Amino acid sequence: MKTWKIGLVLAALAVLAGVPWYGSDVLVQFGINALLLAVLAQGWNIIGGYTGYASFGNSVFYGLGGYGVAIAMVQWQLPFAVGMGFGVVLAVVFAVLLGIPVLRLKGHYFAIATLALSQVMTAIVSNVGIAGQNIGLVLPPLNNDPLFYELSLGLLTIATLTIWGMTRSRFGFGLIAIRENEEGAAVMGVNTTLYKVMAFALSGIFSALAGGIHAYWVTFLDPASAFDISLNVKMIIMAVFGGPGTVLGPIVGALTLSTISEFLSSEVTSIAGLFFGLVIVVAVVLMPRGLADMLRRMRKMGWGYFIENIRAHRL
Amino acid sequence: MDLLAQILVNGVLQGGLYAVMALGLALVWGVLNIVNLAHGAFIMLGGYASWYLYTYLHIDPFLGLPLTAVVMFALGYGIQRGLLNLVIRAPMFNTLLITFGLEVVLTYLAQLVFSADFRTINPPYAGSSLALGPLVLPVARMAAFAVAIFLTVGMWLFLLHTRLGRAIRATAQNLVAARLYGVEPRHLYAMTFGLGIALAGMAGTLYGTVSQINPYIGASLTAKSFAIAIIGGLENPLGVLVGGLFLGIVESLTTLYIGQTYADVASFGILVLVLIVRPGGLLGRTT
Amino acid sequence: MKALLEVRNATRSFAGLVAVDSVSFTLAPGEILGLIGPNGAGKTTLISLISGTQAPSAGEILFQGESINHMPAFRRARLGIGRTFQIMRPFPGLSVLDNVAVGALFGRGGGQPKLAVAREHARECLEFVGLGKIIEKRADELGGPDRKRLELAKALAMQPQVLLCDEVMAGLNHAEIDEVIDVIRKVRDRGISILVTEHVIKAIKSLSDRLLVLHHGEKIAEGTPDAVLADPVVIEAYLGKKRA
Chain U
1 MKTWKIGLVL
11 AALAVLAGVP
21 WYGSDVLVQF
31 GINALLLAVL
41 AQGWNIIGGY
51 TGYASFGNSV
61 FYGLGGYGVA
71 IAMVQWQLPF
81 AVGMGFGVVL
91 AVVFAVLLGI
101 PVLRLKGHYF
111 AIATLALSQV
121 MTAIVSNVGI
131 AGQNIGLVLP
141 PLNNDPLFYE
151 LSLGLLTIAT
161 LTIWGMTRSR
171 FGFGLIAIRE
181 NEEGAAVMGV
191 NTTLYKVMAF
201 ALSGIFSALA
211 GGIHAYWVTF
221 LDPASAFDIS
231 LNVKMIIMAV
241 FGGPGTVLGP
251 IVGALTLSTI
261 SEFLSSEVTS
271 IAGLFFGLVI
281 VVAVVLMPRG
291 LADMLRRMRK
301 MGWGYFIENI
311 RAHRL
Chain L
316 MDLLAQILVN
326 GVLQGGLYAV
336 MALGLALVWG
346 VLNIVNLAHG
356 AFIMLGGYAS
366 WYLYTYLHID
376 PFLGLPLTAV
386 VMFALGYGIQ
396 RGLLNLVIRA
406 PMFNTLLITF
416 GLEVVLTYLA
426 QLVFSADFRT
436 INPPYAGSSL
446 ALGPLVLPVA
456 RMAAFAVAIF
466 LTVGMWLFLL
476 HTRLGRAIRA
486 TAQNLVAARL
496 YGVEPRHLYA
506 MTFGLGIALA
516 GMAGTLYGTV
526 SQINPYIGAS
536 LTAKSFAIAI
546 IGGLENPLGV
556 LVGGLFLGIV
566 ESLTTLYIGQ
576 TYADVASFGI
586 LVLVLIVRPG
596 GLLGRTT
Chain F
603 MKALLEVRNA
613 TRSFAGLVAV
623 DSVSFTLAPG
633 EILGLIGPNG
643 AGKTTLISLI
653 SGTQAPSAGE
663 ILFQGESINH
673 MPAFRRARLG
683 IGRTFQIMRP
693 FPGLSVLDNV
703 AVGALFGRGG
713 GQPKLAVARE
723 HARECLEFVG
733 LGKIIEKRAD
743 ELGGPDRKRL
753 ELAKALAMQP
763 QVLLCDEVMA
773 GLNHAEIDEV
783 IDVIRKVRDR
793 GISILVTEHV
803 IKAIKSLSDR
813 LLVLHHGEKI
823 AEGTPDAVLA
833 DPVVIEAYLG
843 KKRA
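Chains as they are written, first to last, in my numbering: chain U, 1 to 315; chain L, 316 to 602; chain F, 603 to 846.
Just chain U, same shape as in the assembly (with noise of 0.2 Å):
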C-alpha cells in the first residue's frame, strides 16, 4: 500500500476513535451501531467475499456471541471478558460442525441452507432454558458508551487488520482460489474443506465479538433481536454495496449506508426500510461489483460503467 493511503486511513482512524470526546451522545450511539454492523459486514467479507461462499446465516454467530455473554455474565455471573471469549467458542464450535456439511453445498444451496440454519437456531434457543428461553435475558446495566464505542471501534480494526494480512499470506491465496474455481484450487494443493471451515469459523469470531458487545451494551437478548434475520441481509448488503472481496469496501458500505438510513429514520421509520431495498435494486443492477469497483472503474469508463454492467447481464 503507497504511503499517503495508509496516512488517509490512519487519520480516518483517529478522527473516528475521537468522537466520544467532540460527538455527542447521539453520534456515540449511532456510532456504536454502525461500527458493530461494519464488523458484521467484515466478517461477512471473509466467508462471502473473499471465499465465494454467500453466508445468509451470519446472525447465527452474532446471536451466540451475544448469548455467550449473557449466560456467562447473568447465569454464571463471571466478566465480560470471559464472556466473549464463550460466545466465541460457541461461534467456532458452530462453524466447524455445521460447517463441514454445509460447506459442501454451493451456490443458492448454501444461501439458503444458511439461512434455514439461522432460523432453526431462533427456534432451538427459545426453548433453551439457560438462555431464558422466548422471554430473553437481562444483563448488568453498564452505562459507559464511550467504552463500547472504543471497544466497537477496536474490533473492526483487528477485524480489517486480519484481512488485510490474509489477503497477503497464503491462507488468503487458497480463499480467493477457491471463490475462483472450487475444484482448480483444489488440484492446486488447496484443502478446500478446511479453509472454507477456517473462513467460516474466522468470519463468525468477529460476528460473535460484535454480537457480544452489542447484548452488552444493549442489556438484553431475546431470540429475535439475538437472531435477527435481516441482521444477515444487512451484513451482506453493506459488503456488497461497499466492495465485496476488498479490505476497506465493507466498511466503506457500512458506513455509508447506516448514516444515510439513519438520516431517513429520523423521518419515517418505513421510509427507512423502503430505501433499503430499494439501494439493494440499484445498486445490483448499476454496480454489481460495489463501491470500489465502480470508483476503479468509473475512472476510465465514466458513466459507461453503468450501461456496461446492465448489457453484460440482460437477457
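Worth flagging that the hints you see were computed from the coordinates, not collected in a lab. A quick note: this is a predicted structure, and the numbers were derived from the prediction, not measured. A portion of the hints provided could be inaccurate.
[Stated by the list, open to error] Lysine-lysine pairs mimicking BS3-like chemistry, simulated, CA-CA at most 27 Å apart:
no., chain 1, residue 1, chain 2, residue 2
1, U, Lys-5, U, Lys-300
2, F, Lys-739, U, Lys-5
3, U, Lys-300, U, Lys-106
4, F, Lys-716, F, Lys-739
5, F, Lys-788, F, Lys-735
6, U, Lys-300, F, Lys-735
7, F, Lys-807, F, Lys-788
8, U, Lys-2, F, Lys-716
9, F, Lys-716, F, Lys-735
10, U, Lys-300, F, Lys-739
11, F, Lys-804, F, Lys-739
12, F, Lys-739, U, Lys-2
13, F, Lys-788, F, Lys-804
14, F, Lys-604, F, Lys-788
15, F, Lys-807, F, Lys-604
16, F, Lys-716, U, Lys-5
17, F, Lys-735, U, Lys-2
[Stated by the list, open to error] One side only, chain U facing chain F, incomplete, derived with CB under 7 Å:
no., residue
18, Thr-167
19, Arg-168
20, Phe-173
21, Met-188
22, Asn-191
23, Val-279
[Stated by the list, open to error] These stretches of chain F come out as covered by chain U in the derived footprint (C-beta under 8 Å, 3 or more residues):
no., stretch
24, 633 to 645
25, 701 to 707
Built from N, CA and C at the ideal position, the CB exists for glycine as well.
Fit chains L and F to the given chain U structure using the hints.
Okay, now just chains L and F, sitting in the frame of chain U:
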C-alpha cells in the same frame, strides 16, 4: 387415535396450501434459475388483493381467484421484463440479492399502504366445518385444499400438454430451446415469472382464508416454499405437491408430539438435512 | 525402472455408462506417455481419476507404489501430481502472476508459505512457458493460446513429479503446437513424468515415448508410437472408420 387422525387431516389440508405456495417458486427457480426471495412477499400481496376484493367489493375470495391471478400475473410479467431481465445473466448471488431487495421494498410498501394490522378474510362460511365421524373438517380449509389440488394438477397438465408449457419445460434445460418453440426467450421468461407470481398470488388468497395476513409474513413463507421445493424437486408439480403434504404433516406431528415452537425447527431442519443428503431434492433427479 | 504412477483396472461409470473401462498402465520417471483416442473415449475422465477430482468406481491408482485411491485431490497435488484442464479454468479475477503463485503457495510438499518467494517462482514458470511479458494481466483477459500456456505454468509452479496435460494443444496453430511441444520436452528434461492426452495424432506422435489408445473407455493398444499407429485395431477403431 382420533387425535392423531385429526392431526394428520390438518397436516394434509395445510400441506395442499403449502404446495401451491411452493409451486411458483419451484417453477421460477427451475426455468429461470432465480431463487425468488420475494416469493413470500408476492404471496402476501395476493392475500391483500383478495382481502380488498372481499372487504370492499364483496367478491368471495374463491370466486375472486381468477382476478387475483390475472393482476399478479401482469405484475410478475412486468417485473421480470423490466427489472429482473437486467440481471438475468449476472452471477447467482446478484439475482438472489435483487429479489431480496424486492422483498424488502414490497414488505415496506405493504406496511405503508396496508398498515401493519393483521387482516383475515372472513367469508360467512369461515367458521363452519363439516363433521366426518370424529373428524372436524373446516369448510374454508377444505375449499383451499381442493383449489390447491386443482391448481397443482392443472399446472402439471399445462406443462405437459400445451405448447407454451412444453416450451417452458424445454427452456428449463436450455434457453435456446425456447426459440425452437417459436417463443422469444425474454417473453418466455416473463411469462414463466408471471405464472409463478400468479400462483403465489392465488396461494396468498388461500392463505388469507385460513390464516391471518400482515406485511411481514413474506420471509417465512419464502423459506417454507423453498423447503418444499427442495423436498419435492423442481421438475414436477406433483413432486412439489408431495413435498407440501410431507411438510404439512411433519409440522402437525411436531406440534402434537414435541411442541408448537419446534414446528419451524422440524421444517427447516428437514430442509437442511435434505440439502446435505440430496441437493437435487428428495424426489428430484440425482446428480 | 520402477513405475512412478500405476493405474490398475481403473473403471468409472456414470449412471450405467462406462466412461473408463478397466484401464491399466504405468508411467515411468521421466517418461512422456501419450494418451490418444477420439472425443468421448474417456481421456479426461482418466485424468480426473488420477488427479482425484473423480473417484474410480473400481480399480486402483498407485503413486510411488502406494495406493492413493482414497486421497482427496489436494493431497495428491501435494504428493506431486499436477494437472491442466481441457476446459481451461484459470482463477479469472486474479492476475496471471497470482494464478501461478497459487500453485507455488500450495503444490508439492504443501508449497511455499511466503508470498514473495512464491511470486518469484511463479515469474520463473511464466518465463518458462513464454508468458513472462504479461504477468500483470487479469487471467480472464487472455486469449485461448495464452490460457493453455497459463494452465501449464500453474501446474508447473506446483513443482510436480507427474504432470497430467489434458489437451494442451487443442485449438492451437502449427507454430503454437511446436512451442508447446518444446515446453513439454523441457519439462521432461527436468525429470518430470508427463501424461499427455490429445486427439490430434500428429502432434503427439513425435512427442511421446509411448502411446496408449483409448476407445469407448477401453485400452485397445499400447506401445511405441510407430507400432501403435501401425496396429490394425487402432486404425480400424480410431483412424480409419470411414475408410473401412
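Tested hints:
A threshold of 27 Å between alpha carbons decides the hint, and for Lys-5 of chain U with Lys-300 of chain U the separation of about 21 Å falls inside it, so the pair holds. For the proposed pair Lys-739 of chain F and Lys-5 of chain U, the alpha carbon gap of about 24 Å is at most 27 Å, so the pair holds. Our distance criterion of 27 Å between C-alpha atoms is broken by Lys-300 of chain U and Lys-106 of chain U, whose separation comes to about 34 Å. Between Lys-716 of chain F and Lys-739 of chain F the alpha-carbon distance is near 22 Å, which keeps this suggested pair within the 27 Å criterion.
Simply put, Lys-788 of chain F and Lys-735 of chain F have alpha-carbon atoms about 20 Å apart, close enough for the 27 Å limit, and the pair holds. Our distance criterion of 27 Å between C-alpha atoms is met by Lys-300 of chain U and Lys-735 of chain F, whose separation comes to about 24 Å. Restraint check for Lys-807 of chain F and Lys-788 of chain F: the C-alpha separation of about 17 Å stays at or below 27 Å, so the hint holds. As the CA atoms of Lys-2 of chain U and Lys-716 of chain F are separated by approximately 21 Å, the hinted pair is consistent with the 27 Å bound.
For the proposed pair Lys-716 of chain F and Lys-735 of chain F, the alpha carbon gap of about 23 Å is at most 27 Å, so the pair holds. A distance of roughly 17 Å separates the Cα atoms of Lys-300 of chain U and Lys-739 of chain F; the hinted pair therefore holds under the 27 Å criterion. A distance of roughly 33 Å separates the Cα atoms of Lys-804 of chain F and Lys-739 of chain F; the hinted pair therefore is violated under the 27 Å criterion. Restraint check: the Cα-Cα separation between Lys-739 of chain F and Lys-2 of chain U comes to about 21 Å, which is no more than 27 Å; the hinted pair holds.
The straight-line distance between the Cα atoms of Lys-788 of chain F and Lys-804 of chain F is roughly 19 Å, inside the 27 Å bound, and the hint therefore holds. For the proposed pair Lys-604 of chain F and Lys-788 of chain F, the alpha carbon gap of about 22 Å is at most 27 Å, so the pair holds. The suggested pairing of Lys-807 of chain F with Lys-604 of chain F holds, with an alpha-carbon distance near 24 Å, which does not exceed 27 Å. Note on Lys-716 of chain F and Lys-5 of chain U: the hinted pairing holds, with a Cα-Cα distance of about 24 Å set against a maximum of 27 Å.
For the hint pairing Lys-735 of chain F with Lys-2 of chain U, the CA-to-CA distance comes to about 25 Å; that is within 27 Å, so the pair holds. Residue-level restraint check for Thr-167 of chain U is violated (minimum Cβ-Cβ distance to chain F is 10 Å; threshold 7 Å). Taking 7 Å as the C-beta contact cut-off toward chain F, the hint placing Arg-168 of chain U at the interface holds, the least distance being around 6 Å. The beta carbon of Phe-173 of chain U is positioned within 7 Å of a beta carbon in chain F (closest approach about 5 Å), and the interface hint is therefore held.
Because the beta carbon of Met-188 of chain U sits about 5 Å from the nearest beta carbon in chain F, less than 7 Å, this interface hint is met. A least Cβ separation of about 5 Å between Asn-191 of chain U and chain F falls short of the 7 Å threshold, and the interface hint therefore holds. Annotation: Val-279 of chain U was flagged as interfacial toward chain F, and the flag is violated, the nearest CB pair being 25 Å apart, outside 7 Å. Chain U is given as covering the stretch 633 to 645 of chain F, and this is violated because 0 residues of the stretch bring a CB closer than 8 Å to a CB of that chain, at least three being needed.
Coverage of the stretch 701 to 707 of chain F by chain U holds. Counting CB-CB distances below 8 Å, 4 residues qualify, and the rule asks for three or more.
When each numbered hint is compared with the structure, violations occur for hints 3, 11, 18, 23, 24.
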